[in-house]
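Novice: Listed below, chain by chain, are the residues.
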Amino acid sequence: MGLFNRAKDEGFFEQLTEIANNLIEGTDILAKLMSLPTAQRDGVRNDLHAVENSSDDLTHEFMNKINQTFVTPLDRDDLSELAYRLDDCMDLVDEAGNLIVVYQLQEIPECLHKQAAILQKCAKVTASAMPRLKTLDELREYWVEVNRLENQADQIYMHCLSDIVNHNPDPIAVIKLKDVTERLEDACDAFEHLAALVEGIAIKES
Amino acid sequence: MGLFNRAKDEGFFEQLTEIANNLIEGTDILAKLMSLPTAQRDGVRNDLHAVENSSDDLTHEFMNKINQTFVTPLDRDDLSELAYRLDDCMDLVDEAGNLIVVYQLQEIPECLHKQAAILQKCAKVTASAMPRLKTLDELREYWVEVNRLENQADQIYMHCLSDIVNHNPDPIAVIKLKDVTERLEDACDAFEHLAALVEGIAIKES
Amino acid sequence: MGLFNRAKDEGFFEQLTEIANNLIEGTDILAKLMSLPTAQRDGVRNDLHAVENSSDDLTHEFMNKINQTFVTPLDRDDLSELAYRLDDCMDLVDEAGNLIVVYQLQEIPECLHKQAAILQKCAKVTASAMPRLKTLDELREYWVEVNRLENQADQIYMHCLSDIVNHNPDPIAVIKLKDVTERLEDACDAFEHLAALVEGIAIKES
Numbered sequence: 003m004g005l006f007n008r009a010k011d012e013g014f015f016e017q018l019t020e021i022a023n024n025l026i027e028g029t030d031i032l033a034k035l036m037s038l039p040t041a042q043r044d045g046v047r048n049d050l051h052a053v054e055n056s057s058d059d060l061t062h063e064f065m066n067k068i069n070q071t072f073v074t075p076l077d078r079d080d081l082s083e084l085a086y087r088l089d090d091c092m093d094l095v096d097e098a099g100n101l102i103v104v105y106q107l108q109e110i111p112e113c114l115h116k117q118a119a120i121l122q123k124c125a126k127v128t129a130s131a132m133p134r135l136k137t138l139d140e141l142r143e144y145w146v147e148v149n150r151l152e153n154q155a156d157q158i159y160m161h162c163l164s165d166i167v168n169h170n171p172d173p174i175a176v177i178k179l180k181d182v183t184e185r186l187e188d189a190c191d192a193f194e195h196l197a198a199l200v201e202g203i204a205i206k207e208s
Numbered sequence: 003m004g005l006f007n008r009a010k011d012e013g014f015f016e017q018l019t020e021i022a023n024n025l026i027e028g029t030d031i032l033a034k035l036m037s038l039p040t041a042q043r044d045g046v047r048n049d050l051h052a053v054e055n056s057s058d059d060l061t062h063e064f065m066n067k068i069n070q071t072f073v074t075p076l077d078r079d080d081l082s083e084l085a086y087r088l089d090d091c092m093d094l095v096d097e098a099g100n101l102i103v104v105y106q107l108q109e110i111p112e113c114l115h116k117q118a119a120i121l122q123k124c125a126k127v128t129a130s131a132m133p134r135l136k137t138l139d140e141l142r143e144y145w146v147e148v149n150r151l152e153n154q155a156d157q158i159y160m161h162c163l164s165d166i167v168n169h170n171p172d173p174i175a176v177i178k179l180k181d182v183t184e185r186l187e188d189a190c191d192a193f194e195h196l197a198a199l200v201e202g203i204a205i206k207e208s
Numbered sequence: 003m004g005l006f007n008r009a010k011d012e013g014f015f016e017q018l019t020e021i022a023n024n025l026i027e028g029t030d031i032l033a034k035l036m037s038l039p040t041a042q043r044d045g046v047r048n049d050l051h052a053v054e055n056s057s058d059d060l061t062h063e064f065m066n067k068i069n070q071t072f073v074t075p076l077d078r079d080d081l082s083e084l085a086y087r088l089d090d091c092m093d094l095v096d097e098a099g100n101l102i103v104v105y106q107l108q109e110i111p112e113c114l115h116k117q118a119a120i121l122q123k124c125a126k127v128t129a130s131a132m133p134r135l136k137t138l139d140e141l142r143e144y145w146v147e148v149n150r151l152e153n154q155a156d157q158i159y160m161h162c163l164s165d166i167v168n169h170n171p172d173p174i175a176v177i178k179l180k181d182v183t184e185r186l187e188d189a190c191d192a193f194e195h196l197a198a199l200v201e202g203i204a205i206k207e208s
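Keeping their order, the protein sequence lines are chains A, B and C.
The first sequence begins at 3 in our numbering and counts up by one.
The second sequence begins at 3 in our numbering and counts up by one.
The third sequence begins at 3 in our numbering and counts up by one.
Source of the hints: derived by calculation from the structure; they are not laboratory data.
Heads up, a few of these hints could be off.
The list treats identical chains as interchangeable, and a pair is accepted whether it falls inside one copy or across any two copies.
30 Å max Cα-Cα, derived DSS-like pairs, lysine-lysine [as the list claims (entries may be wrong)]: (1) K136 / K67; (2) K126 / K136; (3) K116 / K34.
Extracted from the complex, chain A is given alone in its bound form:
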């Protein structure tokens, strides 16, 4: 509504941006992990975990700051929900990478690489939007782009799923690959979920 004075920002948006920047790093590491031979993925998975741990710490700090600040620059619930949904994105990216290592996947089908490439794009556009929450300007292009990417991802996911389940004689391979493609799709949904929240905040506060 914008009727009430908002507190001056005390670094809230810088922190959200930092968490979102970790998503760029995380999705880049995931794409790298998927392009490596099976035996070389372990160390890269540890890098991914390190980024996820750093995001957990940042999120925790952010949540405590919200809960300790009397007047926040956006609704308290909106701020915590932003952090929560950013965290969801990171968790799912990390889980996808982890499953690939735990399942000792050999050949990774092309369509899974396409899913990972979309996640990289989602992370970039998300990280560039976070600082704009401060003024709530020019956010529209962000959520429109994430929605466009998510629609594209849906199509790719359906192709992945069909390929994996209908053209694979090895049931254990089906189980493994289906888990990974689902997790990558969930990660993309999480980016869309975040964008929908930003849209709601932008409209409410404008």
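Assemble the complex: chain A is given as a structure, and chains B and C must be docked to it using the hints.
Specialist: Positioned in the frame of chain A, the structure of chains B and C alone reads:
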């Protein structure tokens, strides 16, 4: 609490009813899709997607209206949560139909048809309850009935799951059918989730 | 914030404690069920359902009380979210037990027993924390301990998953065991999710 004056409704409940009416159409299409031979399901799946897309647009419009309205006829959060949970129901119905097509299911076991029939009943009772949110009258029968249907659905789901997993020699078929029965169960849970919200709102506002 | 007077507690924390005590009972029954031969699990599963049903009734009563009380001892939303997350824990414990029976599992791998043992510990520490919500004192050790247990559970889960998927020639057995280990992991995540909420409340109210 009912202590504060509420704004006059400006079509909020009509919009929720419209979204819920789409659930009747969506669950009917799902049941029809399941009764058709494999080769004839594609077009019907597109009909289901069209209904789901229309619901997405309605939901989006509804959310923007909530965020742009200063005094809403129910708590803003309750209204947006209602739309969000209605959307969940539609998404899961759509996903179930989609999986059936993507997996090119041949014979669909009887118990999955029973799950779909319960979803049709849930949709009807939900759509007929939405207009009553305006006065908050006579909603009790709605959530009692949804809870009854959901309990019935739980029993059916357990039978489905047991049949699919314990009496099926083909692991790929198990994977496919288990996904579909789970999605149908998730859809029914989503209807119950919505009914629980309505119950909470009715008690709070009475 | 602690700036506003809170209502005197009218049994809210006693009710939350009662719901959490059911989690001790539920996780104990789950561990017992897993240690029994396949043929003897059915009755124990019914005991687990009975506890879950009792929790549902308590939660329902609690929610109605929140919605009928004008001034609650904590934010209304925090109280309902506490009940909701406690309910999630119970549901997932119940689902895990149910799957074990429906899938007629024979040998239950050691790592699944370890997961169940962690859930028992989570339930105990959770139930002992609930009464302390009244004064918000000494809650820190609770969420620190749950986080520690959840990290341990994550490690165990990764071992379970790897064992189940990589060293099992029978795909149907993989499907069954993977479902159970995932559900046990979800239950542990639900305990962590609850602990994160308690941490947020404690910081906000202090």
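Novice: Now tell me, hint by hint, if it's right for this structure.
Specialist: Here is what the structure says about each hint:
no.: 1; hint: K136 / K67; in the structure: both (17 Å within a copy, 23 Å between copies)
no.: 2; hint: K126 / K136; in the structure: within (18 Å within a copy, 43 Å between copies)
no.: 3; hint: K116 / K34; in the structure: within (13 Å within a copy, 34 Å between copies)
Consistency with the previously given hints is maintained throughout, with no hint failing.
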